[in-house]
Every structure is written in structure tokens, then in C-alpha cells.
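Participant: Spelled out from the first residue to the last, the chains are:
Number of protein chains: 2
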Amino acid sequence: MKPVMVIGAGPAGLEAAAGLANLGRPVILVEQRDTLGGSPISSNYAGLTPDRRDAETAMNEMIGRVRGNKLIDVRAGCSVVAAQGDAPNITVTLKGAKGEQKVQAGAVIVATGFQHFDPGRETQMYGYYEYDDVITLVDAEKMLKAKNFVRPSNGQAPKQVCFIQCVGSRDRQIGNKWCSKVCCGIASQEAIEIRDLVPDCRVFIFYIDMRMYGFWEDQIYWKAQEEKKVNYIRGIVTEITKRGDQLVVKGEDTTMGRPMEVAMDMVILSVGMEPSEGTRSMAKIFNLPLEPHGWIDAVGAPLDAVSTVRPGFFVAGAAAGPADLSDSVSMGGAAAIKAAGFLWQRENSAA
Amino acid sequence: MKPVMVIGAGPAGLEAAAGLANLGRPVILVEQRDTLGGSPISSNYAGLTPDRRDAETAMNEMIGRVRGNKLIDVRAGCSVVAAQGDAPNITVTLKGAKGEQKVQAGAVIVATGFQHFDPGRETQMYGYYEYDDVITLVDAEKMLKAKNFVRPSNGQAPKQVCFIQCVGSRDRQIGNKWCSKVCCGIASQEAIEIRDLVPDCRVFIFYIDMRMYGFWEDQIYWKAQEEKKVNYIRGIVTEITKRGDQLVVKGEDTTMGRPMEVAMDMVILSVGMEPSEGTRSMAKIFNLPLEPHGWIDAVGAPLDAVSTVRPGFFVAGAAAGPADLSDSVSMGGAAAIKAAGFLWQRENSAA
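Residue numbers (the working numbering), protein chains in the order written: chain A, 2 to 352; chain B, 2 to 352.
Among the hints, erroneous ones may be present.
The list treats identical chains as one, so a pair stands whether inside a single copy or across any two.
Unchecked claim - Straight-line Cα separation of at most 25 angstroms, DSS-like style, residue types lysine-lysine; simulated pairs:
no., residue 1, residue 2
1, Lys143, Lys229
2, Lys148, Lys99
3, Lys103, Lys3
4, Lys178, Lys224
5, Lys230, Lys178
6, Lys229, Lys178
7, Lys285, Lys3
8, Lys103, Lys71
Think of the hints as simulated: they come from the structure by calculation, not from any bench.
Please take these sequences and the hints and turn them into a complete structure.
Facilitator: Printed below as a string of C-alpha cells:
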């Protein structure tokens, strides 16, 4: 039986690999990093949103299903550098520590995910590279995981911190026209954890719209406001400067319709998602067209979020656009059954 | 090979059935209604969100894959009335036009979806049952499908209409604490279509937060505002009354911080999702616990959105909570590969 090549071992890729192997289908799971688990592991997530289950424990369970499976050939620390042929006769060149190797696959699932927007890259208004106490959601996650939430500038517990939403999202100027879907939930979860860890610290979230869909509404949003006293302020931040050892956040409170200027000990930038370098590179190598925002085009969406323009080539998770964990895992399964079905039809219809 | 029983022939169920059959797995697809296609067909959707592809055409393609498949036993106009046994030895009693029949299944996927909130049921403040010109998203969709968007009271084209968001969602008082996820997008799409169909008609959307995630941000939201001149007003509507032959919408404009009172020819209530009667009934018959909001509990979420507490019993689509079309279809595939894997392991591990 021909193997399916799954590229990327984050939530989507791990689910796809496990689902295929569970049906008896061999899988080659390729991961550029040395470690499996994708962003929740490489970005040091403390807990998963929305249940805040320990991220390492949860991802290790998914990884365990893959590592322990005889049908899954795990190639960590390994990149796809070239490909030729159409499904079900695809030849892929992998490059790892031991050099290059050509392998055969019947179908391909690209699950190479996203990367976080770099807030110092295209805008200087948030001072991410200038001020130690301006950090990102990812930096905050790492501190929360270590249960040591302090100001990078002086190691002291902060008394007042704020999140700024939509950094690198919903932004025509920098070219990221999409909503990254998860940052409202993640920021609110982090806000709850900061309040738990540093009870004296006041926490503010500056936002345009709070996008808390489904059960996130009461599980996260209401909880943050009502139980944890997180302050949500609908406003636009236009500049961050420094005064003494504090940061000054300037902008407009759009609910009150007045300018605002507030002092903060720390500012956390809610950076959004962009197609990862791996996603862009896989699109080129496998000739998969991008949709207008720059992600791999799922041509049948919304009724098929995983098929690409090329038969036998599928996309899953945040390689196709902003996705939360549930989206990614479900898309992993959806891509896997389509890949398995694609091969099963060819293997069983021949006389 | 034991069949998988898929209950509900909406987007999630159709995808699950087709995915399983494509792997050679027999399926019994049970649908309470006489027609397949789920809400997009039964609620007369004009177009699918976000691409506004004709809903009937798109759903007929999905239905065609199922109807034409020898491995899929389609039981339309048929209900599940009883069940016993654990997977993979489940006996289900079906009731159709010809009476009751017991059938065997190895696994079950519940894809029985949602129902729209009835805005006259628990609140009278919107006057849905009193005023002809107060309609819902679903009523509007039907008119848009017929390309005849007129005031129900007099058959005339409206000059001014508004949408009211979050009717039956984000509402502690009526007990629906969730965000229904899709209403912001659907209302905005309908607003665009009204502007296209009745160019003289001004369209307003009263909202709390515009929840337009992923590509909906620019594909729908920016387009509605910039190209189609839809007016978005952040506000809370507290009452709808009548003056002459017009409706009067009273509330507060929360951005301007002042009371508002505007005359409208029509008001469209953006009704949210609730667990359907079928979903609640399947939960009882199959002993599937509900999560705190009343939907079928997907116990492994966010890293597994389709497994229930019972091995071999899965949930897909809006039976597990508010879901858009992509969510539903991906969950259909994800549930299908888990069901197929569950049975494959049992059929192939035995000596």
C-alpha cells in the first residue's frame, strides 16, 4: 500500500497521521523541527485554549499515538526540498541530517501551519524592539508556563498590564487583511492566568471587536470579565512611548469617544497568524496555488476545506488560513480520510 | 464489514457518509426529513457563506455523491427511535413510513445539527409575532433566494432595513450563553445581497461585536462596508414598536454613547443556533452526555472535536455546538475516519 506523506507534525499533521495509520495506511510524517507537536510545543504554550489543559501533556498524548505506531515513519529534523510527479505517483526529496533521500508517496497532506506576526518587522509604533516590557502573546505564554510573570526590564511583578489586540491582523497597511481568529481567546485566557498568578496586577485588553465564538463567549470572555475582573476597553492604540520606567499607551477609547493615555508596566501585543515559511515553501514545491491572502487555497471551501486544486494533494490546519486547535485537528482528520479514500479507490478499482 | 450509521444528512453527515463509502465502508445514512441537505436546503439558503455559491447547487453535489453510492443505504423520512448495545455491536430501531425496523451498526456518527432560535418564543421585545415586517435571517434568506425582497406587510420594496445581531445568542436571560459564530457573517452577506437587489434601500446592522473571523474580515465585512455601503452601528436594541406603517427601533448607540430611535421598513433578527430537537433526542437515545450549554459533549475538544464519552459513538457539525459550514464538513470527515479506524482495528486485530 502506498504511503501518504504528511508534512508538519503539529495538531493537524499528528491527527492526520494517526487517523491514517489507524486504518492500516502507512504514513511518512515529515517535520522540519527536531521535535514534534507544532506551535503548541515550539512556542511554549502553557495551556491549550479554551480548556487550558497543560499543552505539553496534551500534545505528548497526540505525539505518543504517532511515535508508537509501526505504520508511521517519523522523519523529524527533515525538510521537503523537491517533488515531482502527480498523485498517486509522487516522488519527494527529503533533506535531513544524513543528506538527501528520494521517497515515494501516493498522496500528500500539507499541514505546515502558521507563524506569528513579528510586530517589530513592519511597524515601529508598538516599540517591540525598543522596550523590554513590550512583549507578545507568545512571550507571555512562555512566562506563564514557567509560572513566573514578571517585567523583563527589572524582574519585578507588574502592577498594571495591557493586551493590544489585532497586531498584524485586520490591517490593510501591512497587508494582513484577515482576522487571526484565536487571539481574542488566547489574550483573554492569558489575562485570566495573569490575574491568578499576580492577583494585585490590573489587566486591560484594548480591542476592536471581541471575537469569542461558540462557547468561548462564556467559558473565557464572561469568566475573564466577571470572575477575574479583566478590563475590556474598546479602543485603538496608536503609539507606545516610555515615561520613567513605565510604558505609556496612547490612543482612543472608541466607546467613550475620547483620547486615552494610560501608563502600563507591561504591554502584550496580540500578534496574529501569517502563513509559515514552511507553508509558503510547500506551496511552491508542490505547485499548490495560494488564495488571495497568501495561504494555500482550499478550492472547495466552505464545503471542502482540505482539497487543493491538485488531486491527491490536501491541506490541513493553519496552512490554509487562520485556524484554532479544533479546526486544525478536524481538518487533519478530514484531509486524512480524503487521502485514504483517494488511494483506496485507485487500489481497489483496478482489476 | 459492519456499517457505520450516520444520523443527519446535512453538510456534516453527507461528508461523513461519502468519506466512509469512499474507503469501502458501508454506511446507513438516516435522515428524519424526506429531503437530504440539512439546513441549507430545509431553511432555503440562497447562497453559502462566505462564497455565496448557490446553496441548492452546492448541496446537490454533496447529495449526489451519497445518492449515487452503492455502499450508502439512504433512509430519508426515517427516525431513530431506540438503540441498544455498545459499539461495535449496536442495534438501532428506525421508524419510517413502513413502520419500525431494527438494524445493526458498528459505529454511530450523530450529525443532527442545530435549529434556529425562535425569537417569539422567549422574548416579546422584538415583536416577531406581532409585526409582519419583523422577520428573521432565515425568512430573509428565502426572499433573497426568490430574488424578491419586499416588505411582508405590503409587498413594496423597503427603503430602510436593519439587522439586529445576537438574537438568541450571548444572552444569559434566555439561557443561550454562547455566540452562534456565523450570524455576523450571514447578516452581512444578506445585507450585501439586499443592497444588490434593492439599490435604493439603506441597510443598517446593529451589533455588539462584529465577529468576522479569518477571511470573512475582508471578503464579507470590508466588502459590505466599503463597496456596498452597509452601515454598521455598535448598539443595543431594547425595543421595537410601530408608528404608522413603519417600525421604530429603540436602543442605545454604544459608540456614540447616546440613545437612538430610528424608523425602519423592515427589521431582520439575526437568530442564533440552538441544539436541534434531533440532537437532543439522539443524545438521550444513545446516552451521550451533553456539555453545560446543552449540546453533545465532545470530550476531547479542542484536540478532538468529534469523540464522545462512548467509544464508537461520534458527533459532527453543529450537534456539538455552533459551527460554520467548513467546521461541519471537516468534523464530518474527522468523525468518519475515527469511526472507520475504530472498526478497522477491531476487524483486523482479531486473529
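Participant: Each hint: holds or not?
Facilitator: These are the hints, each one checked on the structure:
no.: 1; hint: Lys143 with Lys229; in the structure: within (21 angstroms within a copy, 44 angstroms between copies)
no.: 2; hint: Lys148 with Lys99; in the structure: neither (39 angstroms within a copy, 63 angstroms between copies)
no.: 3; hint: Lys103 with Lys3; in the structure: within (15 angstroms within a copy, 39 angstroms between copies)
no.: 4; hint: Lys178 with Lys224; in the structure: between (30 angstroms within a copy, 12 angstroms between copies)
no.: 5; hint: Lys230 with Lys178; in the structure: between (31 angstroms within a copy, 19 angstroms between copies)
no.: 6; hint: Lys229 with Lys178; in the structure: between (32 angstroms within a copy, 18 angstroms between copies)
no.: 7; hint: Lys285 with Lys3; in the structure: within (24 angstroms within a copy, 42 angstroms between copies)
no.: 8; hint: Lys103 with Lys71; in the structure: within (21 angstroms within a copy, 39 angstroms between copies)
Checked against the numbered hints given earlier, this structure breaks only hint 2.
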